[in-house]
Structure formats: C-alpha cells, structure tokens
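**Student:** Use the sequences and the hints to build the structure in full.
Residue numbers for the sequence shown follow the UniProt record's numbering, beginning at 1 and rising by one.
Simulated from the structure, these hints should not be mistaken for laboratory data.
C-beta: ideal position from N, C-alpha, C; glycine also.
Using 16 Å as the maximum straight-line C-alpha spacing, the simulated EDC-like pairs for lysine to aspartate or glutamate come out as follows:
1) K53 / D96
2) K136 / E155
3) K183 / D171
4) K54 / D67
5) K26 / D46
6) K54 / D9
7) K136 / E154
8) K59 / D3
9) K131 / E142
10) K53 / D67
11) K74 / D96
12) K157 / D3
13) K58 / D3
Distance ranges between label pairs, derived from CB positions:
14) D9 / P150: 29 to 39 Å
15) A84 / N139: 39 to 49 Å
16) S164 / E11: 16 to 26 Å
17) K119 / G97: 17 to 27 Å
18) A178 / A98: 25 to 35 Å
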Amino acid sequence: MVDGRRITDIETLRVVTMVYGGLINKNIVAQLQRFGNNAIGLTGADGDFIRAKKRPVKKIDYGFVGDLDENSIKPQNLISLMDAGFTPVFCALTHDGAGQLLNTNADTIASALAVALAKYYHTTLIYCFEKKGVLKDINDEESLIREIDPQYYEELKEQQVIHSGMLPKLDNAFTAIARGVKKVIIGHSNDLGNIKEHQPFGTNLIEHYL
1 MVDGRRITDI ETLRVVTMVY GGLINKNIVA QLQRFGNNAI GLTGADGDFI RAKKRPVKKI
61 DYGFVGDLDE NSIKPQNLIS LMDAGFTPVF CALTHDGAGQ LLNTNADTIA SALAVALAKY
121 YHTTLIYCFE KKGVLKDIND EESLIREIDP QYYEELKEQQ VIHSGMLPKL DNAFTAIARG
181 VKKVIIGHSN DLGNIKEHQP FGTNLIEHYL
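**Tutor:** In structure tokens, the structure reads:
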C-alpha cells in the first residue's frame, strides 16, 4: 500500500478477479435477489461499462491498476440496464479495451458511477466501512465528525487527523460533489436503515457550510 493505494502484480490480479468478481460479487447479488431486488453482478469489462487506463509508471509501479477518466463510463448503457429492471452491482475490476483486466479503486468506481448518473438522476453516493464515519480519533467511535466541507478537509489533513486509506475516499467524495452528486455519506453499513427513516448517520460531505 502506498498512500492508501494498492500495488497489484499479476498473481494478485488473478486472486482479486476470483474474489471480487466471483465470490464477493455473486454473494451480494444472491442476497439482493433474496430481498426481491433483481440485481446483476458485473465487472467493468462486462458490456464495456467501465474502461480504464493502466496507471503509468512514475516513481512507483502500481502494476495492473486502472485509472478512470471522464470517458470511462458510458451512462446510457447503465440507464438501459436499469430501465430494463436490473440493479447493477459492480466489483472493483475494469478493463483497458485491449483484453486486460485492471484492479481499480472501488471508491473511485463508486464515485465515477455516481457522477456519470448525476446528469440524469438525483444521486447520493454512500461509502460504507467498519466505522461510524470519519472520526477525529480512530480509536473513539464517539468522535464522529458529522459534516466536512473542502476547507475543513484541508485542515484535517494538515493536522494528520485524516490520512492513509481515508484520503482516496474523501478525495473521491469531494470530486463527486463538485461534479453534480447531491450528497455523499460515509458511515457503517449497519446504519443504512436510517435512510428509510430519514435519520442522519455517518459523516456527510458538503460543498460548503451555510
């Protein structure tokens, strides 16, 4: 791991393809079917939904890692799939269009999908992980930060409150907001039920404080 980003060699790529694209993805799809959601499990290569470019080698060779750009996602393909009644469930794998699968940051994929669909829908991006949200003290669940705007984010980085794997997550979140996503929430998956109850949970990322 370098600054929260993984290095992927060919053997690791084979493992994550089996685990992300197979074991995890299909188990999520099966659970969604259990609840009456007609989900369909996908990689970025399926239907050419998400095309990436292999990260160029500079100071660090990240191996088979894909980076996205503004042309990586074809929203009309996604809309057609959803209009047909399917809920797409993507794993963290993309492709380069030349036959090569690429391991791609899952938070980046989620953000890019939200941005692509924000032109057509009121879109909320939710990141789930093992904490209640962004914490001032990683060992204190009660130190939850309820709201963060870009200025406060820079202050938290300077103070080393936020670092490592949380950096890409928040970078992607603020990029999504700047590109039209209405809301970004970071919190624990156990609290997702709060959405139905219209109750706040996690850390809300906002464009600016009023």
